[in-house]
Amino acid sequence: MSSTEEYLEESKTYPGHKVRRPGSQVSRWFAPWKRGLGTWGFVLNRVAGLGLVLYLFLHLAVLSLLTRGQEGWDAFITLAKSPLFLLLDVVLLAGILGHGLNGLRVALIGTGLLVRWHRPLFIAVAVIAVLGLVAGALLFFSA
Amino acid sequence: MSWQITYKIKRYHPDQGSRVDTFQVEIEPERTVLDGIELIWAKQDRTLVFRHACHHASCGSCGLVVNGVEVLPCIKLIQDATTDGGTLEVEPLRNFPVVADLVVDMAPFFERMQLIGMPIVGPTGPLPGQEPDEYTAFENCIECGLCLSACPVVATDSKYLGPAALAAAERVIEVSEGRLSDEVLAAVDNEHGLWRCHAAFECSEVCPSNVDPAGRIMALRRRMTFERLRRLVGAKG
Amino acid sequence: MRSEYERRGGWSWITQVISGLLLIVLVGLHMIAQHFIVEGGLRTYQDVLAYVSDPVIFTLEILFLVVVTYHALLGVRSVLFDLGLSEAQERRVTQILVVIGLLTIGYGVWLSLYLIGQA
Amino acid sequence: MSTPSHNYSAIVIGAGSTGSAVAHDLTLRGFAVTVVERGEIASGTTGRNHCLLHSGGRYCVKDQESAIECIEENMILRKIMPDALELNGGLFVAITDSDMDYKPLFLEGCEACNIPHKELTADEALKLEPNLNPEVKAAVWVPDGVFEPMRLCLSFLATAKSHGAVVRPFTEVKGLLMEGGRVTGVHVWDRIENKEFDIHADVVINAAGPWAEAIAEMAGIDVPVVPTPGVMVSMTGRHNQRVINRLNKSSDGDIVVPQRETSIIGTSSWKVEDADYIEIPEDHVRLMYERGAEMLPVLKSVSPRGIFTVARPLIGSRGEAEGRELSRTFKCFDHADEGVEGFVTISGGKTTTSRAMAETTVDVVCKKFGLEIPCTTRDTVLLSYRAFYTL
Numbered sequence: 001m002s003s004t005e006e007y008l009e010e011s012k013t014y015p016g017h018k019v020r021r022p023g024s025q026v027s028r029w030f031a032p033w034k035r036g037l038g039t040w041g042f043v044l045n046r047v048a049g050l051g052l053v054l055y056l057f058l059h060l061a062v063l064s065l066l067t068r069g070q071e072g073w074d075a076f077i078t079l080a081k082s083p084l085f086l087l088l089d090v091v092l093l094a095g096i097l098g099h100g101l102n103g104l105r106v107a108l109i110g111t112g113l114l115v116r117w118h119r120p121l122f123i124a125v126a127v128i129a130v131l132g133l134v135a136g137a138l139l140f141f142s143a
Numbered sequence: 001m002s003w004q005i006t007y008k009i010k011r012y013h014p015d016q017g018s019r020v021d022t023f024q025v026e027i028e029p030e031r032t033v034l035d036g037i038e039l040i041w042a043k044q045d046r047t048l049v050f051r052h053a054c055h056h057a058s059c060g061s062c063g064l065v066v067n068g069v070e071v072l073p074c075i076k077l078i079q080d081a082t083t084d085g086g087t088l089e090v091e092p093l094r095n096f097p098v099v100a101d102l103v104v105d106m107a108p109f110f111e112r113m114q115l116i117g118m119p120i121v122g123p124t125g126p127l128p129g130q131e132p133d134e135y136t137a138f139e140n141c142i143e144c145g146l147c148l149s150a151c152p153v154v155a156t157d158s159k160y161l162g163p164a165a166l167a168a169a170e171r172v173i174e175v176s177e178g179r180l181s182d183e184v185l186a187a188v189d190n191e192h193g194l195w196r197c198h199a200a201f202e203c204s205e206v207c208p209s210n211v212d213p214a215g216r217i218m219a220l221r222r223r224m225t226f227e228r229l230r231r232l233v234g235a236k237g
Numbered sequence: 001m002r003s004e005y006e007r008r009g010g011w012s013w014i015t016q017v018i019s020g021l022l023l024i025v026l027v028g029l030h031m032i033a034q035h036f037i038v039e040g041g042l043r044t045y046q047d048v049l050a051y052v053s054d055p056v057i058f059t060l061e062i063l064f065l066v067v068v069t070y071h072a073l074l075g076v077r078s079v080l081f082d083l084g085l086s087e088a089q090e091r092r093v094t095q096i097l098v099v100i101g102l103l104t105i106g107y108g109v110w111l112s113l114y115l116i117g118q119a
Numbered sequence: 001m002s003t004p005s006h007n008y009s010a011i012v013i014g015a016g017s018t019g020s021a022v023a024h025d026l027t028l029r030g031f032a033v034t035v036v037e038r039g040e041i042a043s044g045t046t047g048r049n050h051c052l053l054h055s056g057g058r059y060c061v062k063d064q065e066s067a068i069e070c071i072e073e074n075m076i077l078r079k080i081m082p083d084a085l086e087l088n089g090g091l092f093v094a095i096t097d098s099d100m101d102y103k104p105l106f107l108e109g110c111e112a113c114n115i116p117h118k119e120l121t122a123d124e125a126l127k128l129e130p131n132l133n134p135e136v137k138a139a140v141w142v143p144d145g146v147f148e149p150m151r152l153c154l155s156f157l158a159t160a161k162s163h164g165a166v167v168r169p170f171t172e173v174k175g176l177l178m179e180g181g182r183v184t185g186v187h188v189w190d191r192i193e194n195k196e197f198d199i200h201a202d203v204v205i206n207a208a209g210p211w212a213e214a215i216a217e218m219a220g221i222d223v224p225v226v227p228t229p230g231v232m233v234s235m236t237g238r239h240n241q242r243v244i245n246r247l248n249k250s251s252d253g254d255i256v257v258p259q260r261e262t263s264i265i266g267t268s269s270w271k272v273e274d275a276d277y278i279e280i281p282e283d284h285v286r287l288m289y290e291r292g293a294e295m296l297p298v299l300k301s302v303s304p305r306g307i308f309t310v311a312r313p314l315i316g317s318r319g320e321a322e323g324r325e326l327s328r329t330f331k332c333f334d335h336a337d338e339g340v341e342g343f344v345t346i347s348g349g350k351t352t353t354s355r356a357m358a359e360t361t362v363d364v365v366c367k368k369f370g371l372e373i374p375c376t377t378r379d380t381v382l383l384s385y386r387a388f389y390t391l
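Chains as they are written, first to last, in our numbering: chain A, 1 to 143; chain B, 1 to 237; chain C, 1 to 119; chain D, 1 to 391.
Bound-form chain A, shown alone (with noise of 0.2 angstroms):
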């Protein structure tokens, strides 16, 4: 699927020559490096929201074990106020905070309402992203 597969064809622009088709280039989604805030934005909205994913179906998979009553869940709350868990908990609430928020950026830039604001925006994103991160974290440990 990633595969950076390259073949030769025939070059309509230079007669008798083959060119290399560029291959595939799926890393490209997860380099943000040298490049503008767009692709920032563009980079964590898919990190997180593939993340967010695969969050929501190991979230149902886990509800499972309220089927098996009373010790299924017991057994799963002990486990979720582990430290360990509630760390997890904190990657979900930035994963939440950040493609939440970035996805509210993308849907003003991207019905064309506030196109020229995308840096702004994006950097607003980010603060209050982290603003709502440290929050949530100090809540979480707190509680």
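Bear in mind the hints are in silico, worked out from the structure with no lab data behind them.
Be aware that a few hints might be false.
[Claimed, not checked] Here are the simulated lysine-lysine pairs, DSSO-like style, with alpha carbons at most 27 angstroms apart:
1. D/K331 <-> B/K43
2. D/K137 <-> D/K127
3. D/K368 <-> D/K331
4. B/K10 <-> D/K195
5. A/K12 <-> B/K159
6. D/K249 <-> D/K300
7. B/K159 <-> A/K18
8. A/K12 <-> D/K195
9. D/K103 <-> D/K118
10. B/K10 <-> A/K34
11. D/K137 <-> D/K271
12. D/K300 <-> D/K137
13. D/K195 <-> B/K43
14. B/K10 <-> A/K18
15. D/K174 <-> B/K43
16. A/K34 <-> B/K159
17. D/K174 <-> D/K300
18. D/K137 <-> D/K118
19. A/K34 <-> B/K8
20. D/K62 <-> D/K137
21. A/K18 <-> D/K174
22. D/K174 <-> B/K10
23. D/K249 <-> D/K62
24. D/K62 <-> D/K103
25. D/K174 <-> A/K12
26. B/K8 <-> D/K195
27. A/K18 <-> D/K195
28. D/K137 <-> D/K103
29. D/K249 <-> D/K118
30. D/K331 <-> D/K249
Position chains B, C and D relative to chain A; hints supplied.
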């Protein structure tokens, strides 16, 4: 006073595969990255192939990736690209078929531009303070392909129409007051047309001509979104 | 009057935006509800059963499930379409994702109803 | 229009404006054409030119032959190349008393060369071009225009390709194939594959611009081409809509050509031996700023976006006239005159007159084969440059 610059140029020949060649160049900092490449060709290595013509960002043929970012080397001064003793890593544009060394085949790009059919000369406004008059000017888009090279979606989806063609479509709408042929609309208002863009804005970042393809794609998207919503409401009412 | 041409892809983008906006509200409600509707959060099994049995909560959670599944799978579809698949592959992807989506929602509804039955 | 039937083949060396136009004309007159170009299309003189579609005004006082060629070709290109020209006209502006003294000579020259023109007062000129020096004393409007050099070549070549021509960029001529005082083809180095091979044809046309001399030498012929570079400075932003020329005899920095989002100041003139890489004289660049700003003072306050130079292929004996005095007209050499058959050189001229250069050249070629096929390039509308890539 000249600077000492190291050029690391990605080479490719159909039979020999890829490699990186290093050249030491003595060049004035006010000359361009392209001048340095031409100097290498003239004095050091006649086998180096690269595209260039106008040397002033009009023909759009010389686009390259320099130190990881798309540039038109003909208007990138050495002093803006590196420092004395610095290194320039030069590669061909990404997402295009490579012919040899720094030469890419623009055919797939121009097929799409031809489909959209934006005339390269269009109306332009008068200068500030000037009487309104009929002026024409070459379009800002010089069809250099930097936007396609920089786009992370073009990097994986060869079916994506791409920033330049979509921006051209928006320009055609602007000039012709909303008229696009069905054939063009089918390509533009399409899963692999304007809806494929993920707003990374790289096209606008690297555009040497202020075309702002991303902004134009967003304008197209707004146009098509509200048109759909109007039709939906109209159909129900 | 306008001419007809094959329009594709617009509604998936528009509904992705709309579902995304809805999710900002629904995720908030989902998290707040679990922590504050039931005092002290869902700590015991009985808490959970009481929680889902509330008709408002039930409606809200099912709505959340439907919207989040739609948004998630449409997002996955978009990522897969970015790979430049063939049209046949694209149709297959859409079909598979629709099936996954229906199964997911079915599972969620079944689980909720099961828990209500336990209460 | 039916293609004239004969089986002659031709090789054109060089894909600048001359070579491209020659290839186009040859295909219309039934030749099987191969174009070999050592670099990319228009990567030599044509690409780096000033982009000025001459009205002839610049030459109408001292070089009327060139001026007449220019205005004729200007009017033809307007008809056959609709998509590569900006046609906003040009102004010749008088700033000093000396300029005003030149004005009657200029108007006389325009009359003599049939160049449409219109006298403007200083106020009228400033209204049209608000960035002009407010000291402007008078102006004359002429039908100057602007082209995009690479696309101009691509239009000719696209049309040639549609008539069967094969265009080979990155194919450098290393030698001419000779058989008993006759050129029968070229030995080329394919720079993409790094291979050498021969291409045969009935006639070889040398349209290599400033490199034409080196090509002719391969057949032991001396062609008097003087590589005469000029400096051009492309400024940030477009500050004029029309071409702005200094109303005086030609001098350094006497023109500012608006093109796309830039105004290009030009040009200067000196002679070089090697046209492959030309050092840019710093004093020429400073002169461009100074002289350009005399016409458009705004240019003092904007930064350059690119400085470039390239050699014009002027004809003349070395050491004789200074670059500026050399005529800008063109010359076609049938080397049968020097005892070498099957070999023709076209040199001099300007991009504006490339179609006429091609007509003359192909007339000479046809005559060599006893063919009487009229030239039709005046009325043949060219394909879009984009077709070069899609055909």
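Evaluated hints:
Of the supplied pair hints, the one linking D/K331 and B/K43 is violated, its CA atoms being roughly 31 angstroms apart against a limit of 27 angstroms. At roughly 13 angstroms between alpha-carbon atoms, D/K137 and D/K127 fall within 27 angstroms of each other, so this suggested pair holds. The straight-line distance between the Cα atoms of D/K368 and D/K331 is roughly 17 angstroms, inside the 27 angstroms bound, and the hint therefore holds. For the proposed pair B/K10 and D/K195, the alpha carbon gap of about 20 angstroms is at most 27 angstroms, so the pair holds.
For the hint pairing A/K12 with B/K159, the CA-to-CA distance comes to about 19 angstroms; that is within 27 angstroms, so the pair holds. Between D/K249 and D/K300, the direct Cα distance comes to roughly 23 angstroms. Compliance with the 27 angstroms bound is thereby established for this hinted pair. Restraint check for B/K159 and A/K18: satisfied, since their Cα atoms lie roughly 21 angstroms apart, inside the 27 angstroms limit. Of the pairs offered as hints, the one joining A/K12 and D/K195 holds, with about 20 angstroms between alpha carbons and a cut-off of 27 angstroms not exceeded.
Of the pairs offered as hints, the one joining D/K103 and D/K118 holds, with about 12 angstroms between alpha carbons and a cut-off of 27 angstroms not exceeded. Distance check on the hinted pair: B/K10 and A/K34 sit about 19 angstroms apart at the alpha-carbon level, within 27 angstroms; holds. Under the criterion of a C-alpha separation no larger than 27 angstroms, the hint pairing D/K137 with D/K271 is inconsistent with the structure, at around 34 angstroms. Using a Cα cut-off of 27 angstroms, the hinted pair D/K300 and D/K137 holds, with the two alpha carbons roughly 21 angstroms apart.
Restraint check for D/K195 and B/K43: the C-alpha separation of about 21 angstroms stays at or below 27 angstroms, so the hint holds. Between the alpha carbons of B/K10 and A/K18 the distance comes to roughly 18 angstroms, so the proposed pair stays at or under 27 angstroms and holds. Restraint check for D/K174 and B/K43: the C-alpha separation of about 18 angstroms stays at or below 27 angstroms, so the hint holds. In summary, the hint linking A/K34 to B/K159 is supported, as the alpha carbons are separated by about 26 angstroms, within the 27 angstroms threshold.
Restraint check for D/K174 and D/K300: not satisfied, since their Cα atoms lie roughly 46 angstroms apart, outside the 27 angstroms limit. This hinted pair checks out: D/K137 and D/K118 have alpha carbons roughly 15 angstroms apart, not beyond 27 angstroms. Note on A/K34 and B/K8: the hinted pairing holds, with a Cα-Cα distance of about 18 angstroms set against a maximum of 27 angstroms. Of the supplied pair hints, the one linking D/K62 and D/K137 holds, its CA atoms being roughly 23 angstroms apart against a limit of 27 angstroms.
Straight-line distance between C-alpha atoms of A/K18 and D/K174 comes to about 23 angstroms, which keeps the hinted pair within the 27 angstroms bound. Distance check on the hinted pair: D/K174 and B/K10 sit about 26 angstroms apart at the alpha-carbon level, within 27 angstroms; holds. With a C-alpha separation of about 8 angstroms, the suggested pair D/K249 and D/K62 falls inside the 27 angstroms cut-off, and the hint holds. For the given pair, D/K62 sits about 13 angstroms from D/K103 by alpha-carbon distance, which is consistent with the 27 angstroms threshold.
Distance check on the hinted pair: D/K174 and A/K12 sit about 25 angstroms apart at the alpha-carbon level, within 27 angstroms; holds. Straight-line distance between C-alpha atoms of B/K8 and D/K195 comes to about 24 angstroms, which keeps the hinted pair within the 27 angstroms bound. Taken as a hint, the A/K18 and D/K195 pair is honoured in the structure, with Cα atoms around 14 angstroms apart against an allowance of 27 angstroms. A distance of roughly 11 angstroms separates the Cα atoms of D/K137 and D/K103; the hinted pair therefore holds under the 27 angstroms criterion.
For a cut-off of 27 angstroms, the pair hint linking D/K249 to D/K118 stands: about 19 angstroms separates their Cα positions. Annotation: proposed proximity of D/K331 to D/K249 holds, straight-line Cα distance about 24 angstroms (limit 27 angstroms).
In this structure, the hints that do not hold are numbers 1, 11 and 17, in rising order.
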